[in-house]
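Which chain is which? The protein sequence lines are W and D, in order.
So for the first sequence, this note's numbering puts the first residue at 1; every next one is plus one.
So for the second sequence, this note's numbering puts the first residue at 1; every next one is plus one.
Hints in this document: simulated from the structure, not taken from any laboratory.
A virtual CB, placed ideally from N, CA and C, is assigned to each residue, including glycine.
Certain hints may be false.
With a straight-line cut-off of 30 Å between C-alpha atoms, the simulated BS3-like cross-links for lysine-lysine are [to be verified]:
#1 D:Lys371 with D:Lys282
#2 D:Lys171 with D:Lys407
#3 D:Lys282 with W:Lys19
#4 D:Lys371 with W:Lys20
#5 D:Lys460 with W:Lys23
#6 D:Lys400 with D:Lys484
#7 W:Lys58 with D:Lys371
#8 D:Lys371 with W:Lys23
#9 D:Lys371 with D:Lys350
#10 W:Lys20 with D:Lys484
#11 W:Lys50 with D:Lys484
Computed, partial: chain D to chain W, Cβ under 8 Å [said to hold, decoys possible]:
#12 Ala396
#13 Gly401
#14 Met462
#15 Val463
#16 Gly464
#17 Lys465
#18 Pro468
#19 Ser478
Calculated Cβ distances over 12 Å to all of chain W for the following chain D residues [said to hold, decoys possible]:
#20 Arg3
#21 Gln22
#22 Leu128
#23 Ala160
#24 Val224
#25 Glu343
#26 Ala364
#27 Thr438
#28 Gly455
#29 Leu574
#30 Asp584
#31 Asp646
#32 Ala651
#33 Glu653
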Amino acid sequence: MNKEYLRDEMLRMSGVNPKKCMKCGKCSATCPAYDEMEYHPHQFVSMVEKGDIEPLMKSESLYRCLTCFACVDRCPRGVEPAKLIEAVRLSVIRQQGANRLKADDVPAKLDDDMPQQAIVSAFRKYSK
Amino acid sequence: MQRIGVFVCWCGSNIAGTVDVQAVSEALKNEPGVVYSTNYQYMCSQAGQDMIKNAVKEHNLTGIVVCSCSPRMHEATFRKTAAAAGLNPYMVEIANIREQCSWVHKEMPIGTEKAIILGKAAIAKVNLNTPLIPGESPVTKRALVIGGGIAGIQTALDIADAGFPVDIVEKQPTIGGKMAQLDKTFPTLDCAACILTPKMVDVAQNDKIRIFSYSEVAEVGGFVGNFDVKIKRRARYVKEDVCTGCGACVEKCPMKKVPNEFNLGMDNRTAIYIPFAQAVPKVATIDPNHCNMLKNGKCGLCAKVCAAGAIDYKQQDEIIEEKYGAIVVATGFNPISMDKFDEYAYNQSKDVITSLEFERLTNAAGPTAGKLLRPSDHKHPHTIVFVQCVGSRCAACAEKGKEYCSKICCMYTAKHAMLTRDKYPDTEVYVFYIDVRTPGKNFDEFYRRAVEEYGVHYIKGMVGKVVPEGDKLKVQASDLLDNKQLHIDADLVVLAAAIEPDKSARPLATMLTASMDTNDFFTEAHPKLRPVESPTAGVFLSGTCQGPKDIPETVSQAGAAASKVIGLLAKDKLTGNPCVANSDELMCNGCSSCQRVCPYGAISYIDKEFRMPDRTTKIRRVASVNPAVCQGCGACTVACPSGAMDLKGFANEQIMAEVDAICK
Chain W
1 MNKEYLRDEM
11 LRMSGVNPKK
21 CMKCGKCSAT
31 CPAYDEMEYH
41 PHQFVSMVEK
51 GDIEPLMKSE
61 SLYRCLTCFA
71 CVDRCPRGVE
81 PAKLIEAVRL
91 SVIRQQGANR
101 LKADDVPAKL
111 DDDMPQQAIV
121 SAFRKYSK
Chain D
1 MQRIGVFVCW
11 CGSNIAGTVD
21 VQAVSEALKN
31 EPGVVYSTNY
41 QYMCSQAGQD
51 MIKNAVKEHN
61 LTGIVVCSCS
71 PRMHEATFRK
81 TAAAAGLNPY
91 MVEIANIREQ
101 CSWVHKEMPI
111 GTEKAIILGK
121 AAIAKVNLNT
131 PLIPGESPVT
141 KRALVIGGGI
151 AGIQTALDIA
161 DAGFPVDIVE
171 KQPTIGGKMA
181 QLDKTFPTLD
191 CAACILTPKM
201 VDVAQNDKIR
211 IFSYSEVAEV
221 GGFVGNFDVK
231 IKRRARYVKE
241 DVCTGCGACV
251 EKCPMKKVPN
261 EFNLGMDNRT
271 AIYIPFAQAV
281 PKVATIDPNH
291 CNMLKNGKCG
301 LCAKVCAAGA
311 IDYKQQDEII
321 EEKYGAIVVA
331 TGFNPISMDK
341 FDEYAYNQSK
351 DVITSLEFER
361 LTNAAGPTAG
371 KLLRPSDHKH
381 PHTIVFVQCV
391 GSRCAACAEK
401 GKEYCSKICC
411 MYTAKHAMLT
421 RDKYPDTEVY
431 VFYIDVRTPG
441 KNFDEFYRRA
451 VEEYGVHYIK
461 GMVGKVVPEG
471 DKLKVQASDL
481 LDNKQLHIDA
491 DLVVLAAAIE
501 PDKSARPLAT
511 MLTASMDTND
521 FFTEAHPKLR
531 PVESPTAGVF
541 LSGTCQGPKD
551 IPETVSQAGA
561 AASKVIGLLA
571 KDKLTGNPCV
581 ANSDELMCNG
591 CSSCQRVCPY
601 GAISYIDKEF
611 RMPDRTTKIR
621 RVASVNPAVC
631 QGCGACTVAC
641 PSGAMDLKGF
651 ANEQIMAEVD
661 AICK
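Just chain D, same shape as in the assembly:
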């Protein structure tokens, strides 16, 4: 028989405001096994924990029930307290009388009644608890970073700086991500390439970092400290270690009409290409959809001109397998499609562009060599209209826009408007806004400079429609402060398109068993206190895959994710969770039901010799759980038809005892 102590927490007034804590501790005193019951203002405080420790000694307790907040909050705290008092930490049960009781009920009698019932259930369970001892698993001291934008680059550099090897997997032929496409960066206006490319070179030169460019994560197995990852290296038809990046092949390639994705299709590239001058790795890639040699077997010019002999038309996709201790997701974002915004005539006129296209138009390495020219007729635009919140804060239609604020648009539009007025004082620049949101260091000052010093016309109101007419774009908009409808003949319209997580994020989340929100942003383990960790152990988040962010924020989050990874990789061993599945071999009939439902691949089948009652032996096929891989989800215990599978710490018997106690 257990000797159980019950400790009811007031949580200040959080619990005591709706639950009569005195009545709860009194009522639980007479439950089977209970030898001591008390209540206190803050059980998690030092004084509260001391109270538990003393009671364990004084009353020879073998089990503890704490009626307090959610076990997610303080279960670990009270387990440590029990361990310090010499008890097995798994002899502690938490009855959640805060989130599931005081916070959801308003009247004290109801709250008190439910608290007593929850307490009884926990006591019934502790009566059947057994001491559990966690296993240990080793840590592979290597990290994987998925995505090679500024978030991935910064995380990789910081991890490598601490001495751990890091691999970056990037699906494009080069690292650099969206930041490589930007012109200047707010609010200091330093050029994006000038601050990004040195970091890209650092990555290339760091002997702790390997870059798998033009590659994707194909499969993820294992668990924290011991991930097994398959990486698909797509064939680029160029030997990466032989190519010198001289560009001779690019010059000679006859297929010159392939839309250049780096410039968002505003100019063309060749079928064999290097995305931009500072690409890392600086290696050519053949686009198999446009290469004549790969499509029809006719051409082969690039192989002829390549002095290094790097071209290999026979190259195949390759799968490599690696082990990692930690995985960082840095999959980034894309602007949403403008196809559904017919009112802005994006698909009707080349002169209606997105802000990212505007970045390329003003970038010295862009399609116009940095001169602001209209895409349609290459004329200098005089009247430019910027439209904010295109698809952001849009709750009306999920296919059209996004309900959230994309966060970065107010600042980059202020930057675009300011730079345009600075370089081309003969332009009239209008910005239509709903709200200008500029929280951030030196951000509002930056926006005010655009208005006050550079004479950008900020107009409160939205653009209703854009109609191409001749070589003009007729813009019809609201000026809410003047209560007027405006009609502007514009030469160029720039849409601040909402941003969304990269499409690769959703399948990746499935592979990682990491959770996402309805917008496909990765969910953090705690929105305030664990912002760079996924709820899945060993998976960390960096950059816009977790939510819209500008560059300063992305870099700080990337560093934070790296520090969490370093903390994990610095450990030699990880303590596992002892609450894992366990199969009773005598009852197991070898049906494989459990193996089929296990999401972690923790169950295998072995042939085992059994002694039969008649002293003969018989070999039977039985389930065997790998406790290091099992996450304790309990799916197998439900699937098992013969009742052989059970979960330690959550045995069927214990759960039934809880249910019985509640229904009594």
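If we strip away everything but chain W, and leave its shape as in the complex, we get:
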């Protein structure tokens, strides 16, 4: 797919302007899922800016992001990396069609430690 088209799509979907990034790395410094990720939050920002989106779309990192928004909260420039990651994730999911988590499958996956928020976000992104 065309790099520029993909980049513009990501920016449109996320509303993020990666040019605001001053490359301080506070997003990755604050990320609780850092070690699980192949591409880290700061890399998402710079790769999307360059249009290197296909490797991101293929990466497991998309599903390691907890959407905890710590990076959004702490970014000194207001870049909002989590929204960018979400945009890439959405663009993959949309290509797959409607294979989302079904309500009937939920009870089997529940355990006592699972926060309610995780179930809500599972509906949004549990589909690979």
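Following the hints, put chain D in place on chain W, whose structure we already have.
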């Protein structure tokens, strides 16, 4: 009827690139009153000015219109040219066809059309111009310096050195400011006290300088050369001229648990206190919020032990009034609050400190007598993490941080890191940075020494969070060059907090009618060419009140501000601006509307005798403008319901003629 000459400037290609200057001078030739019209490459050059002078003689011109850059740039130049040719300088009008025309338009036909319209307006105005003669006002040969930090001290010393008396107003009990709290100074590492305190003593001993410590500016009136200032001297409950600074009262005071602001609350002081050993003036001050005698009338120990009899519990705040010719603002800075930076656990752990607190911790006169000990358990820290840009370069949230670079942090952090490694080789020191900014003489060399000779670990990346756990601080950070997330167990975390202008600056700016930017830094009259002057005449800027600065820069700016003040005070008389308001007494109905809107207090009301048509006389109340105080803002001309107020040089009639010419 005027005989007007029109001079269209090309400004090289600045104007001529977008405006057909030939067409403009041709089009303006036939305007009413115009007898001569020409264009030239650089009207402000000697040749251009000669062209104007010759045309005045040759064509008997009575008025001049120059179509050129903004009047802020060259109005004064062309007025001088007119005066040299024997014309009244106020018969010159500038049509701004650069900033308001060629620079904002891209296409020549549009630019040319607008230039012609602006030229026509200026011509319409000159047709109604009358010669104006400026008044003169005397200069009070005394300067006021607001703020007694290194900026204020240096400015005061330099002004006094030229022979003019100076008063310093300082809100703390002592002068010295932030520099007095510092340990060593970069890049030469001389101790701050060793180079500052001799200057403080110079100030105290200089018979041209008076220090009003523990005082604030309460009110400012008047204008350049003639400011009337009210200074509030807060009651310190100690007679300043009697106290010898022996310190007996401080020893005996039973209230020993007052947080010591000089050490940023890291130790305690007494209710009666002298901020530090080298304080100037070395006089005790009673803190009324903590003194038992002032709060409950019980104690009075300090008065008993004071051999000089300096204690006065009945002392009241006092307002003194002084006249000044010039005012220098040197109100300085403060580190921003760390309250909004929860991720760094500043409020959760005593061992997360700001860099200014670190200065006090390493200062021999500080709470630990110069030994680097953790505030929580007084143990020697082995792993120290410095975090740069805490609140600086932060565009995300205005309540949290500042968008600008605080400029001084890179260097002082390099200094802290280097000195720590030098004194305590058993420590591991990490500095997390976004960029290391070290422009300045011997600055980058200094930073490289910290890395290469002292083994400080500089890591490109920010700290994401600090979590206190046991007696450790768990630091989670980015190492961007290695693409790793680091986890460090630190003993001490030092935050390089952004700096912001002192909170007193904003109300002071209002009093001075001096302008500020959105960050509350004072604005300079021109960012490059008039960096130490405020746009308000007679108000000058020194130090960090104008923008973040280190000590060398502050001292040079302080000297520059002093030289501007000396230049002003050396004059015996100042020429005023003749474009001031003027009231037509016959039309004035005495309603006071103008007096209420005047921001400068230039309008008063007088009772004046008028002869009536029936040969009787009648006393009426009418407005009277003090031309020396009026700044020509025109607010009164708008407020006046009867049309009696008018502004010389900008009369209603002239403005309407301009509008008519534009709309024709």
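Now for the hints, and whether the structure bears them out:
1. D:Lys371 with D:Lys282: Holds - the C-alpha atoms of Lys282 (chain D) and Lys371 (chain D) are around 26 Å apart, at most 30 Å.
2. D:Lys171 with D:Lys407: holds, 25 Å
3. D:Lys282 with W:Lys19: Violated - the C-alpha atoms of Lys19 (chain W) and Lys282 (chain D) are around 54 Å apart, more than 30 Å.
4. D:Lys371 with W:Lys20: violated, 42 Å
5. D:Lys460 with W:Lys23: Judged against 30 Å, a Cα distance of about 9 Å means the pair holds.
6. D:Lys400 with D:Lys484: holds, 27 Å
7. W:Lys58 with D:Lys371: violated, 54 Å
8. D:Lys371 with W:Lys23: violated, 36 Å
9. D:Lys371 with D:Lys350: It holds: about 16 Å lies between the C-alpha atoms, which stays within 30 Å.
10. W:Lys20 with D:Lys484: holds, 22 Å
11. W:Lys50 with D:Lys484: holds, 21 Å
12. Ala396: Given a least distance of 4 Å, the restraint on Ala396 (chain D) holds.
13. Gly401: holds, 6 Å
14. Met462: At about 4 Å, which falls below the 8 Å cut-off, the nearest Cβ of chain W leaves the hint on Met462 (chain D) intact, so it holds.
15. Val463: holds, 6 Å
16. Gly464: At about 3 Å, which falls below the 8 Å cut-off, the nearest Cβ of chain W leaves the hint on Gly464 (chain D) intact, so it holds.
17. Lys465: holds, 6 Å
18. Pro468: violated, 17 Å
19. Ser478: OK, holds: Ser478 (chain D) within 8 Å of chain W, min 3 Å.
20. Arg3: Non-interface label on Arg3 (chain D) holds, nearest chain W Cβ at 58 Å vs cutoff 12 Å.
21. Gln22: Given that every Cβ of chain W is farther than 12 Å from that of Gln22 (chain D), nearest at about 44 Å, it holds.
22. Leu128: holds, 52 Å
23. Ala160: Nearest chain W Cβ is 44 Å from Ala160 (chain D), so the label holds.
24. Val224: holds, 42 Å
25. Glu343: violated, 6 Å
26. Ala364: About 35 Å separates Ala364 (chain D) from the closest Cβ of chain W, which puts it past 12 Å; holds.
27. Thr438: holds, 18 Å
28. Gly455: The claim holds: Gly455 (chain D) sits with its nearest Cβ about 23 Å from chain W, beyond 12 Å.
29. Leu574: holds, 47 Å
30. Asp584: Per Cβ check, Asp584 (chain D) is outside 12 Å of chain W; nearest 56 Å; holds.
31. Asp646: holds, 50 Å
32. Ala651: Fine: 50 Å to the nearest Cβ keeps Ala651 (chain D) off the interface.
33. Glu653: holds, 52 Å
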